[in-house]
Amino acid sequence: MSYRKSLLKAACLLLLLPTVIHAESLRIGSIASEYVTEVKKFKPLTDYLSIHLAEYGFDNIEIVITNSIEGMADNMRTGKVDLFIDSPYPALMVSEQSHSTMVLRRWKKGVAQYHSVIFTRKDSPINTLEDLKGQRIAFEEPFSTASYFLGKSELIRRGLQPIEEPGDKKIVTDNSVLYHFSGSDKSTISWVLRNRVEAGIINNHKFDSLKERIRSRLKVIHHSPAVPRHVVSFRPGFSADTISQISRVLIAMESDRTGQSVLQQFQKTKKFDLISKQTQQNLQQLKDMIQKITPP
Amino acid sequence: MNLSIRIQLLLFTLALILLGVNLTAGIALYIQVNTLEENHKHFGEEMIEIVAQNLLDPLHSLEIHKLNAQIGALTSNDDIRSVIILDKEGIVLTDGTEENPLEEARYEPLTPIIQQLASSADPFLFWDHDNSIAITHRIETPFKEFLGYLHVELDREDIDEAVEQMVIEFLQIEGILILFSIAAALLLSSYFHRPLRQAVATANAIASGHYQTTYTTERRDEFGMLNNALHQMSSNIQHTISELHETQQEMEEIFRSMVDGVIVIDHQGSILKVNRKIEALTQLQSHELVGEPLNSIIPETITTNDLSNIDRQHTLMTASGGELTVQINSAKIQTTSSATSVSAVLVVHDMSEQIRAERQEQYAAFQAGIAEMGASVLHNIGNVITGMVGNLMKSRQILRITDKLPNKMTSYANESIAMAENPAEGSVEEITDRLQESSQVLIKTAEAMVKINTMTQESGTLDKLNHGIQHISDIISIQQSASRPVIHASNFSLRSMVDDTLSLIEDRLNKYQIEKEIHLSPELDLVTLPRNPLIQLMLNLIKNSMEAITEKIVNDEDHSDGFIRITTVPRGSDYFTIVVEDSGCGFEPEKIESIFQTGYTTKSEGSGYGLHSAANFVHQLGGEITAESRGTHQGMKMTVLLPLKAPAKKKIG
Numbered sequence: 288m289s290y291r292k293s294l295l296k297a298a299c300l301l302l303l304l305p306t307v308i309h310a311e312s313l314r315i316g317s318i319a320s321e322y323v324t325e326v327k328k329f330k331p332l333t334d335y336l337s338i339h340l341a342e343y344g345f346d347n348i349e350i351v352i353t354n355s356i357e358g359m360a361d362n363m364r365t366g367k368v369d370l371f372i373d374s375p376y377p378a379l380m381v382s383e384q385s386h387s388t389m390v391l392r393r394w395k396k397g398v399a400q401y402h403s404v405i406f407t408r409k410d411s412p413i414n415t416l417e418d419l420k421g422q423r424i425a426f427e428e429p430f431s432t433a434s435y436f437l438g439k440s441e442l443i444r445r446g447l448q449p450i451e452e453p454g455d456k457k458i459v460t461d462n463s464v465l466y467h468f469s470g471s472d473k474s475t476i477s478w479v480l481r482n483r484v485e486a487g488i489i490n491n492h493k494f495d496s497l498k499e500r501i502r503s504r505l506k507v508i509h510h511s512p513a514v515p516r517h518v519v520s521f522r523p524g525f526s527a528d529t530i531s532q533i534s535r536v537l538i539a540m541e542s543d544r545t546g547q548s549v550l551q552q553f554q555k556t557k558k559f560d561l562i563s564k565q566t567q568q569n570l571q572q573l574k575d576m577i578q579k580i581t582p583p
Numbered sequence: 057m058n059l060s061i062r063i064q065l066l067l068f069t070l071a072l073i074l075l076g077v078n079l080t081a082g083i084a085l086y087i088q089v090n091t092l093e094e095n096h097k098h099f100g101e102e103m104i105e106i107v108a109q110n111l112l113d114p115l116h117s118l119e120i121h122k123l124n125a126q127i128g129a130l131t132s133n134d135d136i137r138s139v140i141i142l143d144k145e146g147i148v149l150t151d152g153t154e155e156n157p158l159e160e161a162r163y164e165p166l167t168p169i170i171q172q173l174a175s176s177a178d179p180f181l182f183w184d185h186d187n188s189i190a191i192t193h194r195i196e197t198p199f200k201e202f203l204g205y206l207h208v209e210l211d212r213e214d215i216d217e218a219v220e221q222m223v224i225e226f227l228q229i230e231g232i233l234i235l236f237s238i239a240a241a242l243l244l245s246s247y248f249h250r251p252l253r254q255a256v257a258t259a260n261a262i263a264s265g266h267y268q269t270t271y272t273t274e275r276r277d278e279f280g281m282l283n284n285a286l287h288q289m290s291s292n293i294q295h296t297i298s299e300l301h302e303t304q305q306e307m308e309e310i311f312r313s314m315v316d317g318v319i320v321i322d323h324q325g326s327i328l329k330v331n332r333k334i335e336a337l338t339q340l341q342s343h344e345l346v347g348e349p350l351n352s353i354i355p356e357t358i359t360t361n362d363l364s365n366i367d368r369q370h371t372l373m374t375a376s377g378g379e380l381t382v383q384i385n386s387a388k389i390q391t392t393s394s395a396t397s398v399s400a401v402l403v404v405h406d407m408s409e410q411i412r413a414e415r416q417e418q419y420a421a422f423q424a425g426i427a428e429m430g431a432s433v434l435h436n437i438g439n440v441i442t443g444m445v446g447n448l449m450k451s452r453q454i455l456r457i458t459d460k461l462p463n464k465m466t467s468y469a470n471e472s473i474a475m476a477e478n479p480a481e482g483s484v485e486e487i488t489d490r491l492q493e494s495s496q497v498l499i500k501t502a503e504a505m506v507k508i509n510t511m512t513q514e515s516g517t518l519d520k521l522n523h524g525i526q527h528i529s530d531i532i533s534i535q536q537s538a539s540r541p542v543i544h545a546s547n548f549s550l551r552s553m554v555d556d557t558l559s560l561i562e563d564r565l566n567k568y569q570i571e572k573e574i575h576l577s578p579e580l581d582l583v584t585l586p587r588n589p590l591i592q593l594m595l596n597l598i599k600n601s602m603e604a605i606t607e608k609i610v611n612d613e614d615h616s617d618g619f620i621r622i623t624t625v626p627r628g629s630d631y632f633t634i635v636v637e638d639s640g641c642g643f644e645p646e647k648i649e650s651i652f653q654t655g656y657t658t659k660s661e662g663s664g665y666g667l668h669s670a671a672n673f674v675h676q677l678g679g680e681i682t683a684e685s686r687g688t689h690q691g692m693k694m695t696v697l698l699p700l701k702a703p704a705k706k707k708i709g
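In the order they appear, the protein sequences are chains X and A. Take 288 as the starting number for the first sequence in the working numbering and just add one per residue. Take 57 as the starting number for the second sequence in the working numbering and just add one per residue.
If you're looking for bench data, these hints aren't it; they were derived computationally from the structure. There may be inaccurate statements among the hints.
[As the list claims (entries may be wrong)] Partial chain A-side listing against chain X, Cβ under 7 Å, derived:
1. LEU118
2. HIS121
3. LEU158
4. GLU160
5. GLU164
[Unchecked claim] Computed Cβ-Cβ distance ranges for the label pairs, DEER-style:
6. SER320/X to GLU201/A: 30 to 36 Å
7. THR324/X to GLU225/A: 41 to 47 Å
8. SER132/A to ARG504/X: 53 to 59 Å
9. GLU325/X to GLU225/A: 47 to 53 Å
10. GLU217/A to ARG535/X: 53 to 59 Å
Built from N, CA and C at the ideal position, the CB exists for glycine as well.
Input sequences plus hints: build the corresponding full structure.
What follows is the structure, encoded as structure tokens:
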């Protein structure tokens, strides 16, 4: 008897659902050159969110891929992307251009935050940032937070004038530091070791993970302030409730076994948590610095 | 390991098949592996040439991520196991992995390769490393600017898989061939095995003595011939065994009835078999002797070595405790078969009769010697007496001179006495005349006495008489001592023995005008031997020589003086030789064998016992006697080798 009643109730609910729930898509943005790879990367997360955000009206989770910060900033500004997950420098750039809000910190690869390490060869006479005047330094690539943005910010903050070489039309002065993009942290290290440049910059985790035989040949001359490893930004105009609902779901993932598994599959993310006020202030300072950094 | 012909054939065929298949498989695999390796190398070379072009810029600018991208392009190929890019110094830049374990380090296996490549005109070097085909390439720009090295290791898995696949296929073929070969071997072995089995059964039957159990076959091939030959062999063996059985019975009868005793002994010296003669000699039955040790009847130790060729006298014990002197000849049975335990056969000849005969013979010879010596002695005595008679006649003639002197002297003495008693009856002139006559008689008497004395002294008659008497005494003494039939060894001077011997026969030597030469070694004199038999021996030899000389003189009318030479020579520390040589009739060299045999003589009047008994005597002393002659009328040389001291406890004579 009760079985028949249950079936009846379920049928009634199914008939009523389309009228009760207002279905909506949540669009997650990412900057990448490989669409398929990027979609595959986000797939566990999107699958998870499609279930857990359904009750908040998001029955569909989309991945929007762009290949530039400007494109992403534009998508955020125009509402084509609701949520953007990336490292601080792109997030700050997008935020700068689209006024997006950085709310959550993503512990990508289990790392909550990181900072830049500026290093030279151990036998180098360079011991401080000031010693880099007139010297060459290698950055990884123009979108790198730790291997470009933080380092360049530190140089500027110390009154030095980073000039890209070749291509920069700035006049080289006594305070100039010539920088090159190596393309990868490994190249940066290789360049420093082979005297192609006098200094290099990589994030502290990579530096710490260097093999002893390499690290022993290098000397750290400066550490930058720490920044979150990854940042979750929401588009302007997104309601605070929705941001709050999505944030709660993301933060709760670490306490849910399924969520933990999904986090692990999503580039070994340990968890999402809220960005502290101090960090918000730091990010704001960096955001201010962006204006001083000429985009490549 | 005993395997039947079926199994052997099977194994042989299998071995042949396996050898052939495996050899073929090995060659095919070798070719296949080589081809695949060459293909891999070619492929790797082409890949590297392409990638190396893309590596020029990133390597020049040390853009590791771009190098990684190129490595990624290479490693996307399943055949490429690993790639390493090194700088000019041979330091690893990247292996394309995130971990990049060799980053900024030397890859030791590459160190010698890089050294080799640095000086090589060929920018490619192929080598084997870690079960892979390694290709190391020197990266240069078209302007020959050296940038670094690209090292690629090609996986051999596909080669291994291909090899594995080939091995499986070969194994399948091999399996089929093995099955086929087993079937073929079984078929062939059936064809060969049946007749072989029959042949084996026949051989076994023959071996076990069942000669009736044989097979004959109509087959004309080798197996048929073998079976029929075995059948024939069985019949022949059966016939031969029958003959052998008969022969054995005959031999057994001969054995039993042999005049001489026969003892068969085993390796341990135990008696296996004896014949009737042994039973008779030992006074024991065959079953009492069989199994007993040989020394139970022949106490004297006979060693195994002795058994090979015994030819000497032994003592045979009898059941009653008696001892028989027997001559034993043995023959050792040389056999490689362990089936027979016969070690030797001893032929036992009873020497009792022979010894008795020899003793009689020796006694006869001795008697003859004594007779001869007696004759010689009597002859010598006669000669001496004849001499003495002559001397006596001479004395008589001498004394005849004085025959009338006593009467005259007596007459004159009586007249002188009468005149002295009656001086008146005569005048002074008469008395003076009488005295003068008496003086003349006395003078003549004195002269006669002087003459007798002189004649006696001159002729030595009395001495000769005295010597003759002494000589007779000596001869009789020698004869007496030499006539003793059994004499033990004694110490004596060899020289005195020779002198005594010569004195016994000297007269005859003189008679025939035979010269004698005596050469006695000054180093040799005292010996310990039976003296009298030795004198007899010497007498025999000298007499023999003397007769040979007279024989020659009579027959050849050779009137030249004969000679006998007696020489003694020491031989080592224990022996010496007496050599008697003559110029007599000699003998032909071919007759030397029979010269010491009883009854043989070269002389017309010889008895033939002299040399035989001499030889017996010498042998009993452990010596030797030899005779030499260059031929008839060439004289003879007798050499007697004797010990200086006779063997102990040896009864001679």
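Hint numbers contradicted by this structure: Going through the list in order, the structure violates hints 3, 5, 8 and respects the others.
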